[in-house]
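Novice: Under this note's numbering, the first residue of the sequence shown carries the number 3, and numbering increases by one thereafter.
Careful, some of the hints might be misleading.
Computed beta-carbon distance windows for the label pairs [stated by the list, open to error]:
(1) F15 to A67: 32 to 42 Å
(2) L34 to E57: 21 to 31 Å
(3) M86 to P38: 39 to 49 Å
(4) N6 to G56: 47 to 57 Å
(5) H53 to L29: 33 to 43 Å
(6) P41 to M86: 28 to 38 Å
(7) G33 to L8: 33 to 43 Å
(8) N6 to G33: 17 to 27 Å
(9) N6 to P39: 39 to 49 Å
(10) V62 to A85: 29 to 39 Å
(11) S52 to A9: 43 to 53 Å
(12) L77 to F49: 20 to 30 Å
(13) A25 to L82: 32 to 42 Å
(14) P41 to V3: 22 to 32 Å
Just so you know, these hints were derived from the structure itself, not from any lab. We treat Cβ as the ideally placed atom computed from N, Cα and C, and that holds for glycine.
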Amino acid sequence: VLPNCLAPVIVAFTMSIGGAVLAEASLSFIGLGAQPPEPSWGSMISFGRSHLRGEWWISVFPGLAVAFMVMGFNLFGEGLRDAMDPILKNRGK
Numbered sequence: 003v004l005p006n007c008l009a010p011v012i013v014a015f016t017m018s019i020g021g022a023v024l025a026e027a028s029l030s031f032i033g034l035g036a037q038p039p040e041p042s043w044g045s046m047i048s049f050g051r052s053h054l055r056g057e058w059w060i061s062v063f064p065g066l067a068v069a070f071m072v073m074g075f076n077l078f079g080e081g082l083r084d085a086m087d088p089i090l091k092n093r094g095k
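Sequences and hints are given; from them, build the entire structure.
Specialist: Below, the structure written as structure tokens:
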């Protein structure tokens, strides 16, 4: 029973990390997260919003970092699910 229960818990944990990163960045973007002396991708995106015409990279690169990190954790979680699911392991044989 334990091998069948452990895999979904680990996968759910890795998938929720991406959601937590996105929630923190969103809250910091609207000013409810980390305050300005603390580094946060959401506050970096919010700060660069007023400079988009001239210095577009101030907002674009933190936004890409958030997107790639969330996508990376989601893909990592899906890979773990594929590797740890006993039904998928036995299906290929």
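Novice: Could you work out which of the previously given hints the structure breaks and list their numbers from low to high?
Specialist: Violated hints (numbers, rising): 1, 5, 8, 13, 14; every other hint is consistent with the structure.
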